[in-house]
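Visitor: Under this note's numbering, think of the first position of the sequence shown as 1, with each following residue one higher.
These are calculated hints, taken from the structure and not from any lab test.
Glycine is no exception: its CB is placed at the ideal position from the N, C-alpha and C atoms.
Be aware that one or more of the hints could be misleading.
[What the hints assert, rightly or not] Label pairs and their computed distance ranges (CB to CB):
| # | residue 1 | residue 2 | range |
| --- | --- | --- | --- |
| 1 | Glu-84 | Leu-19 | 18 to 28 Å |
| 2 | Ser-65 | Ile-30 | 43 to 53 Å |
| 3 | Trp-83 | His-107 | 19 to 29 Å |
| 4 | Val-81 | Val-27 | 22 to 32 Å |
| 5 | Leu-63 | Leu-110 | 20 to 30 Å |
| 6 | Asp-101 | Leu-32 | 49 to 59 Å |
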Amino acid sequence: DFSLRCTKDRKVTIAVTVLAVMLLLTVAIIVLAAKKHPPCTAPTLPTPSCLESGNNHTGGDCLESGIGFGNKCFYFLDEEVDWEGSQHSCLSRQAQLATIDTKEELHFLLRYGNFMEYWIGLWREGSGPWKWLNGSLFN
1 DFSLRCTKDR
11 KVTIAVTVLA
21 VMLLLTVAII
31 VLAAKKHPPC
41 TAPTLPTPSC
51 LESGNNHTGG
61 DCLESGIGFG
71 NKCFYFLDEE
81 VDWEGSQHSC
91 LSRQAQLATI
101 DTKEELHFLL
111 RYGNFMEYWI
121 GLWREGSGPW
131 KWLNGSLFN
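All chains should be modelled from the sequences, with the hints used to inform the complete structure.
Guide: See the structure below:
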């Protein structure tokens, strides 16, 4: 009867030890996974890139803080607002969200925009085609 009791106690001890080790391993895996994938942060809104209205400037003919490229003046604003707020911000400066007419303008915006996210004058209604602010289709 004594040997049966010892064997039973030993099985219980082994089972408890195995469960404790499994619990510790599970906690360790969760901690390591949390360190590997930091918590998500709320995304920030892009800021507007304005294009001065008129498009008839020369590179050196921009107002203060504007950067000239071709016949356009671009302004990179620090405001974090949605697309409509960005368009309103540009309009209040007698400008509009930037349109990109050539690959050279695209490269210019990428270079001087410091690869930040900026709103541009491209939009669409529902699942319709993408259009520039002047109504021309994006291609």
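Visitor: Go through the numbered hints given earlier and state which of them the structure violates, listing their numbers in rising order.
Guide: 1 and 4
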